[in-house]
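Quick note, the sequences are listed as chains A and B, same order.
Under our numbering, residue 429 is the last one in the first sequence; the count climbs by one each step, no gaps.
Under our numbering, residue 624 is the last one in the second sequence; the count climbs by one each step, no gaps.
Hints were generated in silico from the structure; no laboratory data involved.
Accuracy of the hints is not assured; some may be wrong.
Here are the simulated DSS-like pairs of lysine-lysine, each with C-alpha atoms no more than 27 Å apart in a straight line [to be verified]:
1) B:Lys105 - A:Lys316
2) A:Lys98 - B:Lys166
3) B:Lys427 - B:Lys480
4) B:Lys99 - A:Lys316
5) B:Lys43 - A:Lys305
6) B:Lys471 - B:Lys485
7) B:Lys103 - A:Lys104
8) B:Lys427 - A:Lys52
9) A:Lys305 - B:Lys203
10) B:Lys378 - B:Lys492
11) A:Lys98 - B:Lys99
12) A:Lys316 - B:Lys214
13) A:Lys355 - B:Lys3
14) A:Lys316 - B:Lys135
15) B:Lys146 - B:Lys480
16) A:Lys147 - B:Lys3
17) B:Lys492 - B:Lys480
18) B:Lys492 - A:Lys316
19) B:Lys166 - B:Lys282
20) B:Lys146 - B:Lys274
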Amino acid sequence: MQREKNNIFKGVDFWLVIIYATLVFIGWLNIYAASTSEIHTEILDFSSRYGKQLIWIGLAIPIITVVLFIETRFYERFSSLFYLAAILSLLGLFLFGKNINGAKSWYAIGSFTLQPTEFAKAFTALAVAKLLSDNAFTFKPFKNHVKAFFIILFPAFLITLQPDPGSGLVYLAFLFVFYREGLPAYYFTLGVIAIALFLLTIKFGYFASVPIMIYVCVILFLAFITYVATYKKNYLKHNWVQLTTLLLITCLYILSINPIFNNVFEQRHRDRFNIVLGKTTDTQQTGYNTDQSIKTIASGGIFGKGYLEGDRTQGKFVPEQDTDYIFSTVGEEWGFAGSVLVIVLFVVFILRILKIAERQKTTFSRVYGYSIAAIFFFHFLVNIGMVIGILPTIGIPLPFFSYGGSSLWGFTLLLFVFIRLDANRAYEW
Amino acid sequence: MQKGALLYFSVILVGVIFIGRLFYLQVLDNPYQTSPLNNASIKRIYDYPERGYIYDRNKKLLVANEQAYDVMVIPKEVQPLDTLEFCSLLKIDKATFLKQFNKAKKYSTWLPHVFIGQVSKEDYGPLQEKLHKYKGFYIQKRSIRKYPMKTAANIVGYLSEVNENKIKDNPYYQQGELIGHMGVERVYENTLRGEKGVKRIQKDRFNREIGSYKEGIYDSLSSPGKDLTLSLDAVLQQYGDQLMTNKRGGIVAIEPSSGEILALVSAPTYDPNKMVGRIRSKNSSLFFGDTINKPMYDRGLQAQYPPGSPFKIITGLIGLQEGVIDENTMVTCNHGFRYGPRNKMGCHPHASKVKLNFGIYTSCNAYFASTYLKILNKYDKVQDGMNAWSNHSKSFGLGNFLGYDLPSGQKGLIPDGDYYDRWYPSKRWASTYTISNAIGQGEVITTPIQLANMTAAIANRGYYYTPHIVKDIEGQKLDKKFTTKHVTTIDKEHFEPIIEGLSDVFNHPDGTAYASRVSDIEICGKTGTAENFANINGERTQLTDHSIFIAFAPKDDPKIAIAVFVENGYWGSRWAGPIATLMIEKYLKGDTNRKYLEQRMFNGSLQEEYNSQLDSLYRAEGKK
Numbered sequence: 001m002q003r004e005k006n007n008i009f010k011g012v013d014f015w016l017v018i019i020y021a022t023l024v025f026i027g028w029l030n031i032y033a034a035s036t037s038e039i040h041t042e043i044l045d046f047s048s049r050y051g052k053q054l055i056w057i058g059l060a061i062p063i064i065t066v067v068l069f070i071e072t073r074f075y076e077r078f079s080s081l082f083y084l085a086a087i088l089s090l091l092g093l094f095l096f097g098k099n100i101n102g103a104k105s106w107y108a109i110g111s112f113t114l115q116p117t118e119f120a121k122a123f124t125a126l127a128v129a130k131l132l133s134d135n136a137f138t139f140k141p142f143k144n145h146v147k148a149f150f151i152i153l154f155p156a157f158l159i160t161l162q163p164d165p166g167s168g169l170v171y172l173a174f175l176f177v178f179y180r181e182g183l184p185a186y187y188f189t190l191g192v193i194a195i196a197l198f199l200l201t202i203k204f205g206y207f208a209s210v211p212i213m214i215y216v217c218v219i220l221f222l223a224f225i226t227y228v229a230t231y232k233k234n235y236l237k238h239n240w241v242q243l244t245t246l247l248l249i250t251c252l253y254i255l256s257i258n259p260i261f262n263n264v265f266e267q268r269h270r271d272r273f274n275i276v277l278g279k280t281t282d283t284q285q286t287g288y289n290t291d292q293s294i295k296t297i298a299s300g301g302i303f304g305k306g307y308l309e310g311d312r313t314q315g316k317f318v319p320e321q322d323t324d325y326i327f328s329t330v331g332e333e334w335g336f337a338g339s340v341l342v343i344v345l346f347v348v349f350i351l352r353i354l355k356i357a358e359r360q361k362t363t364f365s366r367v368y369g370y371s372i373a374a375i376f377f378f379h380f381l382v383n384i385g386m387v388i389g390i391l392p393t394i395g396i397p398l399p400f401f402s403y404g405g406s407s408l409w410g411f412t413l414l415l416f417v418f419i420r421l422d423a424n425r426a427y428e429w
Numbered sequence: 001m002q003k004g005a006l007l008y009f010s011v012i013l014v015g016v017i018f019i020g021r022l023f024y025l026q027v028l029d030n031p032y033q034t035s036p037l038n039n040a041s042i043k044r045i046y047d048y049p050e051r052g053y054i055y056d057r058n059k060k061l062l063v064a065n066e067q068a069y070d071v072m073v074i075p076k077e078v079q080p081l082d083t084l085e086f087c088s089l090l091k092i093d094k095a096t097f098l099k100q101f102n103k104a105k106k107y108s109t110w111l112p113h114v115f116i117g118q119v120s121k122e123d124y125g126p127l128q129e130k131l132h133k134y135k136g137f138y139i140q141k142r143s144i145r146k147y148p149m150k151t152a153a154n155i156v157g158y159l160s161e162v163n164e165n166k167i168k169d170n171p172y173y174q175q176g177e178l179i180g181h182m183g184v185e186r187v188y189e190n191t192l193r194g195e196k197g198v199k200r201i202q203k204d205r206f207n208r209e210i211g212s213y214k215e216g217i218y219d220s221l222s223s224p225g226k227d228l229t230l231s232l233d234a235v236l237q238q239y240g241d242q243l244m245t246n247k248r249g250g251i252v253a254i255e256p257s258s259g260e261i262l263a264l265v266s267a268p269t270y271d272p273n274k275m276v277g278r279i280r281s282k283n284s285s286l287f288f289g290d291t292i293n294k295p296m297y298d299r300g301l302q303a304q305y306p307p308g309s310p311f312k313i314i315t316g317l318i319g320l321q322e323g324v325i326d327e328n329t330m331v332t333c334n335h336g337f338r339y340g341p342r343n344k345m346g347c348h349p350h351a352s353k354v355k356l357n358f359g360i361y362t363s364c365n366a367y368f369a370s371t372y373l374k375i376l377n378k379y380d381k382v383q384d385g386m387n388a389w390s391n392h393s394k395s396f397g398l399g400n401f402l403g404y405d406l407p408s409g410q411k412g413l414i415p416d417g418d419y420y421d422r423w424y425p426s427k428r429w430a431s432t433y434t435i436s437n438a439i440g441q442g443e444v445i446t447t448p449i450q451l452a453n454m455t456a457a458i459a460n461r462g463y464y465y466t467p468h469i470v471k472d473i474e475g476q477k478l479d480k481k482f483t484t485k486h487v488t489t490i491d492k493e494h495f496e497p498i499i500e501g502l503s504d505v506f507n508h509p510d511g512t513a514y515a516s517r518v519s520d521i522e523i524c525g526k527t528g529t530a531e532n533f534a535n536i537n538g539e540r541t542q543l544t545d546h547s548i549f550i551a552f553a554p555k556d557d558p559k560i561a562i563a564v565f566v567e568n569g570y571w572g573s574r575w576a577g578p579i580a581t582l583m584i585e586k587y588l589k590g591d592t593n594r595k596y597l598e599q600r601m602f603n604g605s606l607q608e609e610y611n612s613q614l615d616s617l618y619r620a621e622g623k624k
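Please put together the full structure from these sequences, using the hints given.
Pasting the structure below:
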């Protein structure tokens, strides 16, 4: 395990680095397009958003260097400490955080703000990798389920309290990792069924969705009976307690959907669901962003209006266009061709991470790689899904595209720690 | 890798779904596509023509325009300012200032936004002198409506900002533009407003204007709004307002020879100047929210009442036309009309053995009830008789929208055979079941304008023109439907004996309106007293009768036909009769010498009657 100190790039997967650089570059071009105005005309004007983003990009280089310089074992050994630091910084927000747009998510040092949420993802991924790579760890005993879920749900909980529920939801991505590492499939199945039931009930109302649920239940029950009768004749005898509990919980859940939706959710959340489910068509208040975003993308046509020629982008039709809605700029100015390119880049990027993760020799690296692939996937899915109007409005950034130093650095850290872990192959044995 | 495949395929699946959605949005036709003419890089400058003026039949100015001044703001250009002085200039407080400023900023930092709308002429002077000190604020002129005669609010309507639905339906309108609501402003909106012109200017991405878009091929010039001349006599209308002070009801006067509406009074009403400018929104909710007096409800067009005795004229005419009576037919009336062993329609005391003429001027119920039965019983089936009666009645324009050029109205009701077949599904009903219709009670209901139109048709001896309010649109020809003669199903000769009776209503000492006669005008008319019921606490409760009067004059060359309704005015000759005759006098002579009567009408109030009605309603509610 000797390391050549003079070449930190040895073993680095350059495909990932190239895709990363391409995404960051395209991202910046679009931030320039979305935030330019007649006031700023110089590219190196650091009071503008695109000027600042250029600084963040520049500062990412030393971060990358440091990350690549550090020994792999360091990440593994200190991962618990990193996790602790992440939790503390999230807790600290409640005391020292700066309130921007109603959420205490930022530390402010002068005019400079830092969002620990963006870094917590990387540290949680390390902690998950550490836990799952423990030789004694399997998903067999139930207490290990609790441990694993505690690690991801604790930061998610703190973030949701900021309140930034969108970023809290990101931690659900770890379910993919747990599943890959042996978590029983019924967590996934239950999760999917829970979400489906939730949407069904909101869309059709409680009473209208009951018949649908009954059909589903009958089918599931028949399938279950067939299964038990063929394979596990004694199954019912041993598991009737669990099955009854499951049945009860399902009933309670279904009954609680409407009260939760109507009482726990806030009106803006309800509106977002209602808009995506087509229950209300609102293009002026809550639905304004989505409507403008979709229209802006649609106006791009096949080849787009050309760089800096998107009049809806330049006219600032879409709020938050350089952060959460950055993809609409791509859609307008680069058209279908450019949008597909970006989507293909993201898909290839995530698949490449997965491929590399699967070739890792240590469980730690594999779990970590899998975690970041899942996180990137979640951001990609939720952000673009929202911008093109097929998912409800959940404000999380598009990796490498959305304006913001914290998010750029957070994602860079996430990726390059993995690149570093992977590069280690070159030195092993 | 087996379990890892889940994420692997999820990524690919999501990628495919996204590309599919983008294909739909960007390549295929879809409802999200926007017109290139609405590009943000194209600035549209509108040139609004002045809205047309509205005159009355004597060229008196009813609706004019006045300059108003909006204080506009472009938030990006605003510099720190002395808010205290600025607020006092605009007569607002600091909270309003902040609220308006933030609203403008939220709308757009670089687009102009109305900061304070419609500043009055008095405030404009000092403001104009000092406004140059405040960067980012400027004044935009626009014209607003003004109503010099302060009358006919229900006819002219008002202007207010166009609502969202209208903008969706009609791409002509932009947010913040004014559109006619109610009345003539609404019906003749396109004529009055003209066509705004638009210039499209291309801007570059720095928001600088770089010339006209595509050499101006999409630009258009504005075309001015046209002036309207109404058939209304504004002085007569004002006089009607005065006569109806503190009463509820409607007056409709029509020129029989043309169908032109001379007056359309609805009481209570309001000063149209109150629905203009900055006071509009406050007054609008006040007027629309007044569910007791309902000033926005046009009683001349929308209120449906049983017509009462004036309807006896129609029954009489139908009787003559169907040949079941003639001038000399005699009917016995012994304080009423007995039409069954236990059924009797009451009548007031008068000499018995009634002829047609006498029946009209004393308003004998028995005479017309018996005529009605004769009409229905002439046919083998009562349904056929009912239909014949119904068709004759409807030929006077009753029981349906008349088709006049005002946007509100009600159909009223003239029942026919089918109507009673629905009531009695066995279809076994007799003419006597519907006998109240004979005297304008029962199921018959009409609006005041229908009644005025009916009167015009009687005055014309058998025809009418669709009533209309617009006389002339800058020489443009009137819609053909207003110049088409509608002929009733009653032959001309049958009108003369009836009109003689109507004349005797004033001239015979026993006539019901003998007290209201005017010495030098030969008026024909008919009093009416309509019973009316309200559903109070689930019980059918009889309220004070409505006072009704119809009249036309002069007898041989009718110039005006009029219908007057006064809600809960006890009986016809008490309020409606004097009001109708005073209106006729005012129109034909310009003045009256019956000053005492005029004063009594001006000052007479039915408010106590209305209040006691409300009281009993509250009591009934309380009991519940």
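Status of the hints after comparison with the structure:
{"no.": "1", "hint": "B:Lys105 - A:Lys316", "in the structure": "13 Å, holds"}
{"no.": "2", "hint": "A:Lys98 - B:Lys166", "in the structure": "44 Å, violated"}
{"no.": "3", "hint": "B:Lys427 - B:Lys480", "in the structure": "42 Å, violated"}
{"no.": "4", "hint": "B:Lys99 - A:Lys316", "in the structure": "23 Å, holds"}
{"no.": "5", "hint": "B:Lys43 - A:Lys305", "in the structure": "18 Å, holds"}
{"no.": "6", "hint": "B:Lys471 - B:Lys485", "in the structure": "16 Å, holds"}
{"no.": "7", "hint": "B:Lys103 - A:Lys104", "in the structure": "25 Å, holds"}
{"no.": "8", "hint": "B:Lys427 - A:Lys52", "in the structure": "87 Å, violated"}
{"no.": "9", "hint": "A:Lys305 - B:Lys203", "in the structure": "15 Å, holds"}
{"no.": "10", "hint": "B:Lys378 - B:Lys492", "in the structure": "22 Å, holds"}
{"no.": "11", "hint": "A:Lys98 - B:Lys99", "in the structure": "25 Å, holds"}
{"no.": "12", "hint": "A:Lys316 - B:Lys214", "in the structure": "23 Å, holds"}
{"no.": "13", "hint": "A:Lys355 - B:Lys3", "in the structure": "13 Å, holds"}
{"no.": "14", "hint": "A:Lys316 - B:Lys135", "in the structure": "23 Å, holds"}
{"no.": "15", "hint": "B:Lys146 - B:Lys480", "in the structure": "31 Å, violated"}
{"no.": "16", "hint": "A:Lys147 - B:Lys3", "in the structure": "21 Å, holds"}
{"no.": "17", "hint": "B:Lys492 - B:Lys480", "in the structure": "24 Å, holds"}
{"no.": "18", "hint": "B:Lys492 - A:Lys316", "in the structure": "73 Å, violated"}
{"no.": "19", "hint": "B:Lys166 - B:Lys282", "in the structure": "22 Å, holds"}
{"no.": "20", "hint": "B:Lys146 - B:Lys274", "in the structure": "10 Å, holds"}
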